[in-house]
Amino acid sequence: MSEPSTVGRAVFDESFGGRVRALLRARPVADAADNAARQTWGEQGYDVVTLALTAIDTVIARQGFDDEVTYDEAVAGLAALATNVHPQRSFDEHDAVARYVVDALLNRKEREAPFSYQVSTFARADDGAVRHRYTTAEFRLLTEHEDHTRGVNVLRASTDAINALVGGLEFDVEDEQAAIELMLARQLERGAFGQAEKAAERSRLLSVRYADELRTLLADTTRDIRTVLTQWAEQVPEQLERNRAHLEDRLAGESKLLEHVRGALDATDTEPTVATAAARIAGLLEECRQRHTELHGKLVSARTVFLDEQTRQSFRPVGGLRNPDITDGVFLPLLSLPVDVAVDPAETFAILLAGTQVQPLVRFADLVDDLLAPRREPTPEEPPAPDDELGDPDPPAVPPEVLEAAARVVDGVGLPARLSDLLLAARTTDFPDGVDSAAVERLIVLAVLWNYAPETTEDLSTAVDAAARVLGPTAAVDADGALISMPGWSGDDLIVAQDEEALARWAETYSVAAQRDREAS
Amino acid sequence: MTLSQRDLADVGVLIGCALRPKTRPGAESDYRALLGRYRADVEFRNAVDSVLDGLDVRVLSDTDFGLVLGVRRESVFAYRISDLPNVSGVTDRLLVGLVSAGIAAYAYPTPADFDDDRVRWVSVDEIERFIREVCERFKRMPTDDETLDEAWRSYDRLSPAYKADKGKGKARRSPASSTYWVAHVLNWMVDQGLARLVPNRGPETFQLLERFRIQAKELAGNETYDLLATIRRDEVTS
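Protein chains in written order, with the numbering used here: chain A, 453 to 973; chain B, 498 to 735.
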């Protein structure tokens, strides 16, 4: 260990590590800019750093609202910016650049794991020797979260990203709300109602969010008061008091605004567009006020909830002596152990919690059946592989002339009809050259049978098409027990109708007639 | 009076019912009758307990919910965590254990909570938020050596909502996301008769059943606590 006479002393300072870590937060962005050169569009000179900061600002702009930025929105915004750099390049390239930037911030390359960098820490021992060791800094810039109301993933910026890359941008809900109100008042004065409506909408979302924050706190309080005890002791009373004063303000302010908007409604010379907008805003503000009132009630009772829960949770009987303490005795110790030590007790907990498992035994007969079963068809949701484009299409199994002739025979007889009538017509019709009457007959029978009991064939669409061309798209077929008496065919003499309704009518009229015939004979 | 062949067959029937956690005495009269006999007839009860003991299983509770059985790890009836889909490596098994313990800690934060049998509901989002907040607390805790292999980091490294194959059809949760593991464990608990999906209380919300409370209270919590205590003692002495 040599005396480092040439380096400054700052490297041994406590605060030095903080500066290194702050600088590290920019490294993913710098790395992304570096790696951009290796992309297909690397030569085009897109400024990845500017785009990355834009992405973070885009995300922050709506963070915490109900309509947080989704991945696709972030990409679309950046792609639009990239278009301005090289308008002549393709959209795909702009999209690729945007995706690259957002993916880099999410660290999708590492499946959204935190960025992790090794940092050297130097310390000087008492004897003047320099000690070196590695520590690892882990952090995220953007994260993805599920938004249940919309069923999409939304992006959020981490504290690291906000502090290091945006620079002390603090997000204060109350200021936001005050700002919105001021804006709304201004806009109403100027008559900018379109904008004002958006602002009112946002004001409502903020009210909802307020209630959510409070609900979380109260839920935690009811669940386990110990987890929020310090919060209650330090920040919460102050926060509640501030919120309450603030809410009272809002309630007064919003009713004033409501009057304002109503004034615009009552004025005789209001433009129709302004009037409708004002009416909508009035509705929104009314709902806002209700939300605030609701929240106000909750705020007023919050302290009582705390006291009640404290009484309930602190003074209840201690509980059975053998009751386990999961939080402090199991969960927290498990989390703090090294992975290789923790895995065994963690697994033990899961196994003992799970209760019994009866191992499923393989029955030999089932196994053989399963092995011999045909492969399952792919689910119909998946589009079939587009292999039609390759090579010529297969020649149709039925020549088009035969299809044509069969359709004409069916048209000639007219539906509804019995299969035997159709076949008789086919047998007696003179077909042009090259059309075999036996083939026409067979096609008619197949089409009718397919309609009666569709079989799953590999080429489903062709069968449907062929049957529809011969019998019509809505044809319905049924059997009534009468047997076919044509030479060459056997089985049920099926009834063919153009649709279900016609079939029902046929059944009503003919089944009675047929029965009478049979009785007569 | 000694037990007859027929009685022994009944012992088997009762154990068979108890091994299927979704069988309810309310729905099956045989089960109900045998459960009543187990509670009233000491000899019958001893026979059942002895057979179960031989199988490394013991009865945790014999209420009207049915006979709840607890296993020892070496029992043939113990669940093999590696049988769960997508669970293969050390980290996967650790995550299943951590999330299970997390759910129990969320629903029953203090020992006294186990005596309170009000219904507990948990949702995937709540559990995710709960475990992640605990991880955040660990992150803020000052440590001397940043070894980076504490168990909580395995959870913290997971993205809250990573979905693979973006853009191709319906993206599914990936095992690289923490919500995947929380949902995975909760669904497994449904299969094991420990929880029930209640869709009308919100997205992916589950009700923890009485069986969960019994298993955690009577067996899993204390056994794991003892195991952890042994590990700690070994660390101190070694």
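Rather than coming from a laboratory, the hints here were simulated on the basis of the structure. Some hints could be false.
Unchecked claim - Here chain A is said to cover these stretches of chain B; the calculated rule only asks that three of the stretch's residues, wherever they fall, bring their Cβ under 8 Å from a Cβ of chain A:
#, segment
1, 502 to 510
2, 521 to 531
3, 536 to 543
4, 579 to 589
5, 593 to 602
6, 696 to 709
7, 717 to 728
Unchecked claim - In silico lysine-lysine, DSSO-like type, Cα no more than 27 Å apart, as pairs:
#, chain 1, residue 1, chain 2, residue 2
8, B, K660, B, K636
9, A, K561, B, K660
10, B, K519, A, K561
Fair warning: this is a prediction, and the values are worked out from it, not measured in the lab. Ideal Cβ placement from N, Cα and C applies to all residues, glycine included.
Hints not upheld, ascending by number: 1, 2, 3, 10
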